[in-house]
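Visitor: Line by line, the protein sequences are chains A and B.
Residues in the first sequence are numbered from 1 upward in steps of one, following our numbering.
Residues in the second sequence are numbered from 1 upward in steps of one, following our numbering.
Read the hints as simulated data drawn from the structure, not as lab findings.
Treat the hints with care, as some may be off.
To be verified - A short, non-exhaustive set of chain B residues, derived as facing chain A with CB atoms under 10 Å:
1) Gly-22
2) Gly-47
3) Ile-75
4) Leu-76
5) Met-91
6) Phe-93
7) Asn-103
8) Tyr-139
9) Arg-241
All residues carry an ideal CB built from backbone N, CA and C; glycine is no exception.
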Amino acid sequence: MSLEWIIKIIAENWPMFLRGAGLTLLIALIGTIIGAVIGLIAGVIRTIPTPERGAKRILLKVINIILSIYIEFFRGTPMIVQAMVIYYGSALAFGIDMNVFAAAIIVVSINTGAYMAEIVRGGIVSVDKGQFEAAHAIGMNHVQTMWNVVLPQVIRNILPATGNQFVINIKDTSVLNVISVTELYFVTKSISGNNFRYFESFFVACLIYFVMTFIVTRILLYMEKKLDGSDNYTLIGNELNEKKLSK
Amino acid sequence: MKEGEERMDKIIDIQHLNKSYGSHEVLRDINFSVNKGEVVTIIGSSGSGKSTLLRCINLLEKANGGQILYHGENILDNKHDVANYRKHLGMVFQQFNLFNNHNVLKNCVVGQVKVLKRSKAEAEKVAMNYLKVVGMDQYINAMPKQLSGGQKQRVAIARALSMEPDVMLFDEPTSALDPEMVGEVLKVMKDLASSGLTMIIVTHEMEFAREVSDRVVFMDKGLIAEEGSSEQIFQHPTQERTREFLKRTLK
Chain A
1 MSLEWIIKII AENWPMFLRG AGLTLLIALI GTIIGAVIGL IAGVIRTIPT
51 PERGAKRILL KVINIILSIY IEFFRGTPMI VQAMVIYYGS ALAFGIDMNV
101 FAAAIIVVSI NTGAYMAEIV RGGIVSVDKG QFEAAHAIGM NHVQTMWNVV
151 LPQVIRNILP ATGNQFVINI KDTSVLNVIS VTELYFVTKS ISGNNFRYFE
201 SFFVACLIYF VMTFIVTRIL LYMEKKLDGS DNYTLIGNEL NEKKLSK
Chain B
1 MKEGEERMDK IIDIQHLNKS YGSHEVLRDI NFSVNKGEVV TIIGSSGSGK
51 STLLRCINLL EKANGGQILY HGENILDNKH DVANYRKHLG MVFQQFNLFN
101 NHNVLKNCVV GQVKVLKRSK AEAEKVAMNY LKVVGMDQYI NAMPKQLSGG
151 QKQRVAIARA LSMEPDVMLF DEPTSALDPE MVGEVLKVMK DLASSGLTMI
201 IVTHEMEFAR EVSDRVVFMD KGLIAEEGSS EQIFQHPTQE RTREFLKRTL
251 K
């Protein structure tokens with residue numbers, strides 16, 4: 001009976017499943033965060049208005065070309081292949097024997113960064129032009145405008161897409177088994193290799209993946225609601241105000 | 001009219017300003033100056049270049065030729081520090097453009113802290129002072145999306161005033177408002193005008209312009225067609241196109 005086997009597999013291997021799931025979540029989380037930071041930086045650089053002349057213009061052009069190549073390349077190739085190239089390539093080219101965990105983080109981060117760069121760029125472009133103009137009109141430069149006015153709005157706007165990316169990463173870390181990262185898929189493969197119960201073992205993995213992505217999705221929805229804040233505000237009486245301000 | 005102010009400092013002096021989009025000339029050889037304490041309104045039909053002129057003054061649009069002298073210095077000179085110049089000009093937009101991610105108080109504070117490098121406490125004090133002037137001091141915790149158009153515009157005025165600029169620029173500040181909210185914004189602006197603030201106002205509110213202006217500039221097809229005191233322009237316009245425009249807009 002399958003059900004009995006499923007229970008037996010869980011009972012016998014739960015520490016391994018747990019460790020695999022933990023590693024999957026950890027790689028996905030760190031990868032998404034670093035990827036989002038890469039994406040933010042790349043997105044901001046790609047929306048700097050081109051200076052009219054001089055060395056800065058050339059420098060910006062060169063950086064933009066490099067960023068384009070990065071984005072196109074990592075969006076245009078499968079992560080499973082990127083993992084092989086980076087892990088074995090680093091050993092071949094630089095003689096570095098890379099820790100598989102570090103390799104996993106690097107692959108997920110730069111892959112996510114390529115997608116996030118486009119998401120962030122879209123987020124910046126969709127912020128009303130008036131917000132930039134108002135910030136410039138009170139004398140803010142590009143960095144101040146971005147940091148104080150535009151990016152907070154961008155981050156709110158790209159939160160759903162970032163959550164999406166996180167969910168994708170939880171699932172896609174499974175391809176990292178090709179470089180022997182002991183994440184959930186790799187662990188499941190070894191468990192099923194021992195008991196020869198492929199369906200039951202992977203069914204358990206399936207459930208674990210689903211629970212992880214489902215919980216993450218709920219948490220992100222909750223965060224979105226929190227960020228939007230309450231629809232109410234309190235009117236402030238004058239005396240109260242002065243007290244608050246004089247502190 | 002304030003006699004004897006003729007020799008006062010020209011804060012902004014525009015000479016032979018040109019602006020075109022491709023082959024379409026929006027501004028043609030504009031010569032125009034503003035003295036300290038003066039309230040200048042720019043009137044004219046849509047597409048006459050009024051807003052473009054105002055946006056050229058604080059460099060939101062880049063003029064193609066001519067000079068804009070600010071206290072005698074040409075700010076169109078490439079070496080000029082744009083951000084530093086802009087902090088001396090306050091701008092009020094037709095669409096308010098309050099920072100959506102900040103509440104009312106923070107909208108008026110963020111520029112002071114980041115650009116003028118004031119301390120938070122000082123900036124809040126200044127902001128509260130100007131929020132009181134526009135009657136929005138009770139709403140400091142509200143987010144922009146929770147305010148009506150008139151309220152937003154009053155906060156936007158307070159935000160600009162908080163930077164304590166030399167000149168305030170108003171780009172059709174009441175054009176995006178529901179009719180019943182126009183009054184509250186105009187009232188604030190009237191109070192400011194009588195307080196001695198230097199103001200350049202692009203507006204379609206003719207009664208308001210007639211009342212507050214020290215000088216009225218009438219623009220037509222990218223040119224300054226006529227310029228003079230409020231009385232001159234509204235009572236005795238010399239140009240045919242000015243007369244026609246006023247006949248259309250004044251009932």
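Visitor: Now look at each hint and say whether the structure bears it out.
Guide: Here is how each hint holds up against the structure:
1. Hint status for Gly-22(B) relative to chain A: violated, with the closest Cβ pair at about 17 Å, above 10 Å.
2. Checking Gly-47(B) against chain A: minimum C-beta separation of about 20 Å lies over 10 Å; hint violated.
3. Because the closest C-beta pair between Ile-75(B) and chain A is about 13 Å apart, greater than 10 Å, the hint is violated.
4. Hint status for Leu-76(B): violated, given a least beta-carbon distance of 13 Å to chain A, over 10 Å.
5. Interface hint status for Met-91(B): upheld, as the beta-carbon distance to the closest one in chain A is roughly 4 Å, under 10 Å.
6. A distance limit of 10 Å between C-beta atoms decides the matter here; for Phe-93(B) the minimum to chain A is near 6 Å, and the interface restraint holds.
7. Here the hint on Asn-103(B) is kept, as its CB sits about 8 Å from the closest CB of chain A, short of 10 Å.
8. A distance limit of 10 Å between C-beta atoms decides the matter here; for Tyr-139(B) the minimum to chain A is near 7 Å, and the interface restraint holds.
9. The beta carbon of Arg-241(B) is not positioned within 10 Å of any beta carbon in chain A (closest approach about 31 Å), and the interface hint is therefore violated.
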